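Chain residues, written in single-letter form:
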Amino acid sequence: MAEFLTSDFVLGRLNYWFFIFLMMIGLYIVIAKSNLMKKIVGLNIFQTSVFMLYISIGKVSGGTAPIFPMDMKVDPTVTYSNPLPHVLILTAIVVGVATTSLGLALMVRIRENFYTIEEHEIAEQEQEIMLSELGLKKEEDV
Amino acid sequence: MLIVTALSVVVTRSLFAIVTLSGVFSLLSALLFVRMHAVDVAFTEAAVGAGISTVLMLGTLALTSRSERSDKKPQIAPLFLVVLTGALLIYGTLDMPDFGAPDTPAQTHVGPDYIERIPKEIDVPNAVTAILASYRGYDTLGETAVVFTAGIGVLLLMSGLARRRKEDEEDEGGSS
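Line by line, the protein sequences are chains A and B.
If you read the first sequence in the working numbering, its first letter stands for residue 12, the second for the next number, and so on.
If you read the second sequence in the working numbering, its first letter stands for residue 62, the second for the next number, and so on.
Don't read these hints as lab results, they were simulated from the structure.
Since the model is a prediction, treat every value here as computed from it, not as a measurement.
For every residue, glycine included, the Cβ atom is placed at its ideal position computed from N, Cα and C.
Mixed in with the good hints there might be a few duds.
As the list claims (entries may be wrong) - Example chain B residues on the side facing chain A (calculated, C-beta under 7 Å, incomplete):
{"hint": "1", "residue": "F94"}
{"hint": "2", "residue": "V102"}
{"hint": "3", "residue": "V109"}
{"hint": "4", "residue": "D159"}
As the list claims (entries may be wrong) - To be clear about the criterion: a stretch of chain B counts as covered by chain A if any three or more of its residues have a C-beta under 8 Å from a C-beta of chain A, and this derived list gives those stretches:
{"hint": "5", "region": "80 to 92"}
{"hint": "6", "region": "95 to 101"}
{"hint": "7", "region": "147 to 156"}
{"hint": "8", "region": "191 to 201"}
{"hint": "9", "region": "206 to 219"}
Unchecked claim - Computed footprint of chain A on chain B; a stretch qualifies when at least three of its residues, placed anywhere within it, have a C-beta under 8 Å from a C-beta of chain A:
{"hint": "10", "region": "111 to 125"}
{"hint": "11", "region": "137 to 144"}
{"hint": "12", "region": "173 to 179"}
Modelling step: build the complete structure from the supplied sequences, incorporating the hints.
Structure (structure tokens):
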């Protein structure tokens, strides 16, 4: 248990905890807020913190950005950060914008049909529609 | 500062302010990416996250409403769920290597291999570009497919928006 309490241990993991905290703020917005726009912003926050987590795994202290000198003569004493997470996250950012835009388009359509972008109001309206349909069916039965 | 920005998104009501804050969040995270030696990611995040996303959201706001309607009072269940998830994730990090340590599994297998081979095999000074376009070209192909699908989806959802609006207005004019 003693190793969990040393300051080195805590400092070495503080970055992960920081990103997890940000992630949880995003998750809270997505779950607890009923406004659709806010949900999408929360999703973006969540997403960006995952990116930061990945990039922080690729960092090497004392290293530098993985860009070689123009003459391609690599100095073996220089350490470079890991370029692989950067590549993966570049792809992920673009995919993230694609999903965001799709969500926004859905939001526009929802607003067109329900005249609101609040989730609980949409739920109320759907319940009313359902109840009225049930009522109609009963009348037909009679 | 990132935390302050994210928390203010939770409490702010005006959607316009929220969208602006999300842009600020993206720019701050781009700064953080530069600090962690990921300059390419920082470029993309600043251009795409802070630029295009914000513009898209503002466009959506123009088509929908400007401010959040009054919320129900905050419930305890989501907060509990979020704290639980966070605690589990933090428990998971206890086994993670130290921040920036050079001898972790992530740094000892694929990464150095790429850095060794790129100057010999591909004559591109930027390692990220070399991997993206050459070693992991399939990722970009898949990404293009995703963006294409999303584009089709958005077009299908939004098509005929102006036409339907006009019809609505005519209906209202006719009935009154």
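Tested hints:
1. F94: holds (6 Å)
2. V102: Cβ of B:V102 sits 5 Å from chain A, so the hint holds.
3. V109: It holds, given that the least Cβ distance between B:V109 and chain A is near 5 Å, below 7 Å.
4. D159: holds (3 Å)
5. 80 to 92: holds (count 6)
6. 95 to 101: Since 5 is at least three, the answer is holds.
7. 147 to 156: With 5 residues close enough to chain A, the hint holds.
8. 191 to 201: holds (count 5)
9. 206 to 219: holds (count 9)
10. 111 to 125: With 9 residues in contact (Cβ-Cβ under 8 Å with chain A), the coverage given for the region 111 to 125 of chain B holds.
11. 137 to 144: Check passed, 5 qualifying residues.
12. 173 to 179: holds (count 3)
This entry satisfies every hint, going by the numbered hints stated previously.
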